[in-house]
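So the protein sequences, as listed, match chains A and B. The letter at position 35 of the first sequence is residue 35 when you use the numbering used here, and the numbering goes up by one with no holes. The letter at position 141 of the second sequence is residue 141 when you use the numbering used here, and the numbering goes up by one with no holes.
If you are wondering where the hints come from, they were derived from the structure by calculation, not from laboratory data. All values derive from a computational prediction rather than experimental measurement. Mixed in with the good hints there might be a few duds.
[To be verified] Counterexamples of contact, computed for chain B against chain A with all Cβ distances above 12 Å:
#1 A88
#2 L117
#3 E142
#4 G161
#5 E201
#6 S247
[Unchecked claim] With the C-beta cut set under 8 Å, the calculated list includes, among others, these residues of chain A facing chain B:
#7 T87
#8 C89
#9 T93
#10 I118
#11 I164
#12 L176
#13 L200
#14 L254
Positions of the beta carbon are idealized from the N, C-alpha and C atoms, including for glycine.
2 protein chains.
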Amino acid sequence: MTFEFDEDMAVTPLGDHVWAAEISPGWNIGTIPNGGYLMALALSAVESAVAHPDPLTATTHFLGRVSSGEPATLEVEVLREGRTLSTACARLTQGGRERLRMLATYGDLEASEGPTLITAEPPSISPPEECIRNDVAQATMEIQKRFDLRLEPSVAGGAAGQPIGRPEMGGWIRFLDGRDPDLKSLALFADAFPPTVLNLERFGWVPTIELTIHFRAKPTPGWLLAWFASRFLIESHIEEDGEIWDSEGNLVALSRQLSRILPPSSH
Amino acid sequence: MTFEFDEDMAVTPLGDHVWAAEISPGWNIGTIPNGGYLMALALSAVESAVAHPDPLTATTHFLGRVSSGEPATLEVEVLREGRTLSTACARLTQGGRERLRMLATYGDLEASEGPTLITAEPPSISPPEECIRNDVAQATMEIQKRFDLRLEPSVAGGAAGQPIGRPEMGGWIRFLDGRDPDLKSLALFADAFPPTVLNLERFGWVPTIELTIHFRAKPTPGWLLAWFASRFLIESHIEEDGEIWDSEGNLVALSRQLSRILPPSSH
Numbered sequence: 001m002t003f004e005f006d007e008d009m010a011v012t013p014l015g016d017h018v019w020a021a022e023i024s025p026g027w028n029i030g031t032i033p034n035g036g037y038l039m040a041l042a043l044s045a046v047e048s049a050v051a052h053p054d055p056l057t058a059t060t061h062f063l064g065r066v067s068s069g070e071p072a073t074l075e076v077e078v079l080r081e082g083r084t085l086s087t088a089c090a091r092l093t094q095g096g097r098e099r100l101r102m103l104a105t106y107g108d109l110e111a112s113e114g115p116t117l118i119t120a121e122p123p124s125i126s127p128p129e130e131c132i133r134n135d136v137a138q139a140t141m142e143i144q145k146r147f148d149l150r151l152e153p154s155v156a157g158g159a160a161g162q163p164i165g166r167p168e169m170g171g172w173i174r175f176l177d178g179r180d181p182d183l184k185s186l187a188l189f190a191d192a193f194p195p196t197v198l199n200l201e202r203f204g205w206v207p208t209i210e211l212t213i214h215f216r217a218k219p220t221p222g223w224l225l226a227w228f229a230s231r232f233l234i235e236s237h238i239e240e241d242g243e244i245w246d247s248e249g250n251l252v253a254l255s256r257q258l259s260r261i262l263p264p265s266s267h
Numbered sequence: 001m002t003f004e005f006d007e008d009m010a011v012t013p014l015g016d017h018v019w020a021a022e023i024s025p026g027w028n029i030g031t032i033p034n035g036g037y038l039m040a041l042a043l044s045a046v047e048s049a050v051a052h053p054d055p056l057t058a059t060t061h062f063l064g065r066v067s068s069g070e071p072a073t074l075e076v077e078v079l080r081e082g083r084t085l086s087t088a089c090a091r092l093t094q095g096g097r098e099r100l101r102m103l104a105t106y107g108d109l110e111a112s113e114g115p116t117l118i119t120a121e122p123p124s125i126s127p128p129e130e131c132i133r134n135d136v137a138q139a140t141m142e143i144q145k146r147f148d149l150r151l152e153p154s155v156a157g158g159a160a161g162q163p164i165g166r167p168e169m170g171g172w173i174r175f176l177d178g179r180d181p182d183l184k185s186l187a188l189f190a191d192a193f194p195p196t197v198l199n200l201e202r203f204g205w206v207p208t209i210e211l212t213i214h215f216r217a218k219p220t221p222g223w224l225l226a227w228f229a230s231r232f233l234i235e236s237h238i239e240e241d242g243e244i245w246d247s248e249g250n251l252v253a254l255s256r257q258l259s260r261i262l263p264p265s266s267h
């Protein structure tokens with residue numbers, strides 16, 4: 001069986017460290033491809049170029065709007081091929097113009113060893129069957145048709161136009177077509193929930209300036225629990241900190257993005 | 001008056017978007033230049049190349065050891081020159097080998113406007129005069145001779161070989177020679193405290209894989225309050241989350257790094 005995410009992650013070699021990709025409209029928010037999808041696509045190119053199997057940390061700066069349904073070119077420059085770590089830089093261009101730049105370091109999580117000490121627990125939220133499907137988003141946003149996404153009731157208000165006054169968001173997520181989560185897909189899941197600012201006020205658009213993800217463990221199959229919170233909205237700039245936990249309660253990713261809230265008129 | 005930090009931030013144009021720098025031994029930890037200092041140096045090159053004045057977010061991947069007391073070359077590629085944002089990529093090389101790569105987006109914090117909502121407060125710690133000078137570090141580490149750094153007593157144990165069992169660290173910091181903090185220096189301050197893992201166990205070295213800093217506001221003169229905590233030490237990989245607050249209680253920077261603990265024998 002082929003899953004939608006894998007189809008839309010396909011990259012075709014064009015030459016030395018250069019790949020062609022088609023930007024699927026399947027991960028659009030409105031008419032704009034989701035940033036997490038684009039980041040996962042860039043990781044697809046990088047994983048073909050480096051010797052280590054697992055992303056450990058990746059940062060993407062979003063430079064300009066990507067057009068969905070159109071081809072794109074991905075170029076990878078390998079900066080380091082070490083014994084335990086590889087680092088690469090990737091750029092995505094459309095029509096000759098660069099739209100995003102990513103820096104990523106890869107390693108081998110299976111080969112990692114050493115001390116473990118975890119002082120945090122997964123957030124205590126309602127089980128998936130008591131969480132809220134975002135029906136409006138599912139009817140109107142392509143990307144939401146590909147997820148089974150359930151919002152924790154205490155923070156779901158903002159997604160229905162009823163901000164709760166706290167910049168938090170979270171719940172459960174999995175692919176609707178049954179694909180299991182893997183490391184690369186965590187880039188997508190880290191950017192798939194409604195933004196925390198929806199629980200503060202009306203806004204036009206919240207373009208991401210930069211998104212960084214730490215990939216900490218391979219997710220087990222099943223639901224992912226994702227939780228996002230912001231603490232500092234300062235003159236329209238806001239960070240959003242995310243945690244993703246797998247079905248066995250393991251922390252699998254930490255994310256942080258810096259975004260800018262644009263007023264409703266600029267949508 | 002010339003301050004040490006400014007002297008050691010000097011970059012000399014070598015050509016189009018290429019600068020020469022001397023890696024000062026003044027910011028060494030042992031024999032190795034501090035990563036925050038190197039990141040600030042890379043920002044010095046980028047600020048000469050972009051149209052906007054203030055770093056907003058920057059991520060550095062550390063590729064190999066930098067030799068102090070030796071020359072280095074900084075090359076900057078400008079990826080975007082927009083109306084409100086500029087993005088650039090910088091690389092630092094020594095002897096023709098790349099040692100770090102940075103991605104940074106610049107804007108204009110003075111020109112930022114829009115909503116502000118802050119849901120966090122500075123951590124409640126002892127005032128500087130009740131905090132603890134790290135005399136051993138000041139005697140043995142070049143970098144610590146350039147700071148007035150005071151550790152909050154409740155977390156200072158780890159820096160004196162008496163781990164408290166919680167991966168936290170923090171206190172007050174300012175330049176010893178009286179230089180006021182600015183945005184660029186926050187990169188240095190974000191990496192200047194003893195690592196949180198010192199409060200967990202003995203280790204050999206904690207090399208930083210990647211360091212990301214969000215620059216959120218220009219610091220006022222005086223002390224900075226910095227606080228660092230880790231939640232997930234997983235098979236030797238650990239994140240360290242930092243907050244830096246200025247003397248008026250404004251959050252000025254958020255930092256996060258991913259590091260790897262190496263055993264004592266590998267020091």
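Exercise. Could you tell me which of the hints above the structure violates, numbers in ascending order?
Key: 1, 2, 5, 9, 11, 12
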